[in-house]
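Colleague: Next come the chains, spelled out residue by residue.
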Amino acid sequence: MSLKVVVDFNVCQDHGQCVFAAPEVFEIDEAGRLVVLVEEPDETLRASVEDAADVCPVQAITIAG
Amino acid sequence: MTSQRALVVGAGLGGLRTAEALRTGGFTGEVLVVGDEDWAPYNRPPLSKEALAGELAHDKLAFRVRSNAADVVWRHGVRVDHADLDGRAVTLADGERLTYDVLVAATGVSARRLPIPGPPATAAGGRHVIRMLDDAIGLRAALVPGAKVVVLGAGFIGCEVAATARKLGCEVHSVAIDAYPMVRPLGVDLASELQRRHEAQGVVFHLGVGVSEFVGDEHVTGVVLSDGTRLDADVVLEALGSRCNVEWLEGNGLDLTDGVLTDTALRPLRDGVPVDGVAAVGDVVRFPNRRFDDRAWRVEHWNIPTDSGRRAGAVLSAWLAADGYDEVTTADWTLLPAFWSDQYDTRLQSYGMPGLADADGIRVLEGSLDDECVVGYHRGDDLVGVVGVGMLRVVNGYRDRVGRGLVGP
Ligand SMILES: Cc1cc2nc3c(=O)[nH]c(=O)nc-3n(C[C@H](O)[C@H](O)[C@H](O)COP(=O)(O)OP(=O)(O)OC[C@H]3O[C@@H](n4cnc5c(N)ncnc54)[C@H](O)[C@@H]3O)c2cc1C
Ligand code: SF4
Numbered sequence: 180m181s182l183k184v185v186v187d188f189n190v191c192q193d194h195g196q197c198v199f200a201a202p203e204v205f206e207i208d209e210a211g212r213l214v215v216l217v218e219e220p221d222e223t224l225r226a227s228v229e230d231a232a233d234v235c236p237v238q239a240i241t242i243a244g
Numbered sequence: 268m269t270s271q272r273a274l275v276v277g278a279g280l281g282g283l284r285t286a287e288a289l290r291t292g293g294f295t296g297e298v299l300v301v302g303d304e305d306w307a308p309y310n311r312p313p314l315s316k317e318a319l320a321g322e323l324a325h326d327k328l329a330f331r332v333r334s335n336a337a338d339v340v341w342r343h344g345v346r347v348d349h350a351d352l353d354g355r356a357v358t359l360a361d362g363e364r365l366t367y368d369v370l371v372a373a374t375g376v377s378a379r380r381l382p383i384p385g386p387p388a389t390a391a392g393g394r395h396v397i398r399m400l401d402d403a404i405g406l407r408a409a410l411v412p413g414a415k416v417v418v419l420g421a422g423f424i425g426c427e428v429a430a431t432a433r434k435l436g437c438e439v440h441s442v443a444i445d446a447y448p449m450v451r452p453l454g455v456d457l458a459s460e461l462q463r464r465h466e467a468q469g470v471v472f473h474l475g476v477g478v479s480e481f482v483g484d485e486h487v488t489g490v491v492l493s494d495g496t497r498l499d500a501d502v503v504l505e506a507l508g509s510r511c512n513v514e515w516l517e518g519n520g521l522d523l524t525d526g527v528l529t530d531t532a533l534r535p536l537r538d539g540v541p542v543d544g545v546a547a548v549g550d551v552v553r554f555p556n557r558r559f560d561d562r563a564w565r566v567e568h569w570n571i572p573t574d575s576g577r578r579a580g581a582v583l584s585a586w587l588a589a590d591g592y593d594e595v596t597t598a599d600w601t602l603l604p605a606f607w608s609d610q611y612d613t614r615l616q617s618y619g620m621p622g623l624a625d626a627d628g629i630r631v632l633e634g635s636l637d638d639e640c641v642v643g644y645h646r647g648d649d650l651v652g653v654v655g656v657g658m659l660r661v662v663n664g665y666r667d668r669v670g671r672g673l674v675g676p
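Protein chains in written order, with the numbering used here: chain A, 180 to 244; chain B, 268 to 676.
Read the hints as simulated data drawn from the structure, not as lab findings.
All C-beta atoms in this analysis are idealised placements derived from N, C-alpha and C, irrespective of residue type, glycine included.
Among the hints, a few may not be true.
[Said to hold, decoys possible] One side of the interface only, derived from the structure: several residues of chain B facing chain A at Cβ under 8 Å:
| hint | residue |
| --- | --- |
| 1 | Thr295 |
| 2 | Pro312 |
| 3 | Phe330 |
| 4 | Arg331 |
| 5 | Arg333 |
| 6 | Trp569 |
| 7 | Asn570 |
| 8 | Thr573 |
| 9 | Leu659 |
| 10 | Asn663 |
| 11 | Tyr665 |
| 12 | Arg668 |
[Claimed, not checked] Restraint-style ranges between C-beta atoms, simulated for each label pair:
| hint | chain 1 | residue 1 | chain 2 | residue 2 | range |
| --- | --- | --- | --- | --- | --- |
| 13 | B | Gly520 | A | Ala226 | 34 to 40 Å |
| 14 | B | Asp667 | A | Glu219 | 24 to 30 Å |
| 15 | B | Glu466 | A | Gly244 | 48 to 54 Å |
| 16 | A | Thr223 | B | Lys434 | 42 to 48 Å |
| 17 | B | Arg380 | A | Asp208 | 44 to 50 Å |
| 18 | B | Val476 | A | Thr223 | 32 to 38 Å |
The following block holds chain A by itself, in its conformation from the complex:
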């Protein structure tokens, strides 16, 4: 089973805190904007994606599945 990571880009303010929690999944690009590298990461990344959603200061990340 894989997860689905959804970022509400209307809410995201490019704090980049999610990147520290799950660098495999999130990245801040050269322009300083958040990029989701893997939208459906596999189960092994669940814990770090949950951590990333926790530490987003504006709670822009939701996890389905």
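We have chain A already, so just place chain B with the ligands on it with the hints.
Modeller: Leaving out everything else, chain B with the ligands in the frame of chain A:
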């Protein structure tokens, strides 16, 4: 065996994260969270920033709850009056007694008020604080274009509200006893640059002065400063720091001088001995963080409830299961305080404890102060803090180098 109960007092971010972490730690008994606000846990930082300028709705601010915590029981609008740690029970405001197997203190802080008489210290009296959603709703209603706003205290929250009030078209005066806004954590150079940015947006500062009087009967009409200056005011915000919500723990022999003093397993200390089965988290905990030194610090940053909540959940679930407890409690545990602040177009991002720096240990590491920059805060040779003004990617690159005084990576 009857089911065990974990009782969490305080339904804010720290209470939520600890409840989740108890489940992550494998605890399957009852998790009961009792909080005196009427709301499910919500995010406070937007209350002085984007939400104060825009929409103040609980559903926009509520925290996502992890799916593993779906069965946590919440009792909102209920205050805990007293805890009896030896009897493992708390008393609620209505007299009800609740027993527990483990207890979490996640009661945060309250806004401090000036002990100066005057018009009623309520939103209706024009005298505001900002800690709760209801405070922000009351303040927002008063921030109408042209309103004369006096912000007492030029820390982060005071400065954020000053910026938001300017954006909303208010006249803003900022009053503080310090010589520069936000100077204690940031140091003189960055603080004076931020003062300049606020002044460019029309904020008028009155620094190095206190308040001697509030003017007005039913509603505040002005503030008299200690140098005799009189400022007209429709709105006064007291943003003067905080008071820890620890009264309910009194009488248990704990050190409550500045929050709840704990060891690195977040267990409160009684005569220097940790009390097992009890933990404190979030704004209210004062704990030794060996990433910096052996002293115990209390830090009101948003990441502390999450990081300390995870630690408390791991310690308490090991205690409840009587499994792996010694390993968990003796493991070296530290955290890195992280803080951000938005004022106009300026985003500050801080890692570590810049306030610990030597007076001559503050240097611009990248960029320049009058534009975007990264400032390093040193104590001796150690980088104890780093603050980015913009330059997010660059400051984030310094994050892992901060601290390291006593423990390795
Ligand atoms: C306006 C504002 C802006 C902020 N901005 C930032 C920012 O930009 N960056 C940053 O890093 N941090 C910021 N913070 C700090 C951050 O919000 C806090 O660190 C965080 O909310 C602390 O969470 P907590 O769970 O420890 O405490 P709280 O969120 O305060 O939760 C404690 C809860 O316990 C309840 N309670 C207290 N006593 C009792 C009792 N006896 N019985 C039952 N319930 C009780 C309280 O009512 C409250 O609901 C800001 C805070 C405020 C107020
Ligand atoms: S932490 Fe939140 S706001 Fe920051 S980049 Fe990630 S999703 Fe966006």
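Colleague: Each hint needs a verdict: does it hold in this structure or not?
Modeller: A quick look at each hint next to the structure:
no. : hint                            : in the structure
1   : Thr295                          : violated (19 Å)
2   : Pro312                          : holds (6 Å)
3   : Phe330                          : holds (6 Å)
4   : Arg331                          : holds (6 Å)
5   : Arg333                          : holds (6 Å)
6   : Trp569                          : holds (6 Å)
7   : Asn570                          : holds (7 Å)
8   : Thr573                          : holds (6 Å)
9   : Leu659                          : holds (6 Å)
10  : Asn663                          : holds (6 Å)
11  : Tyr665                          : violated (12 Å)
12  : Arg668                          : violated (13 Å)
13  : B/Gly520 x A/Ala226: 34 to 40 Å : holds (38 Å)
14  : B/Asp667 x A/Glu219: 24 to 30 Å : holds (29 Å)
15  : B/Glu466 x A/Gly244: 48 to 54 Å : holds (50 Å)
16  : A/Thr223 x B/Lys434: 42 to 48 Å : holds (44 Å)
17  : B/Arg380 x A/Asp208: 44 to 50 Å : holds (45 Å)
18  : B/Val476 x A/Thr223: 32 to 38 Å : violated (58 Å)
Of the numbered hints stated above, those contradicted by the structure are hints 1, 11, 12, 18, listed in ascending order.
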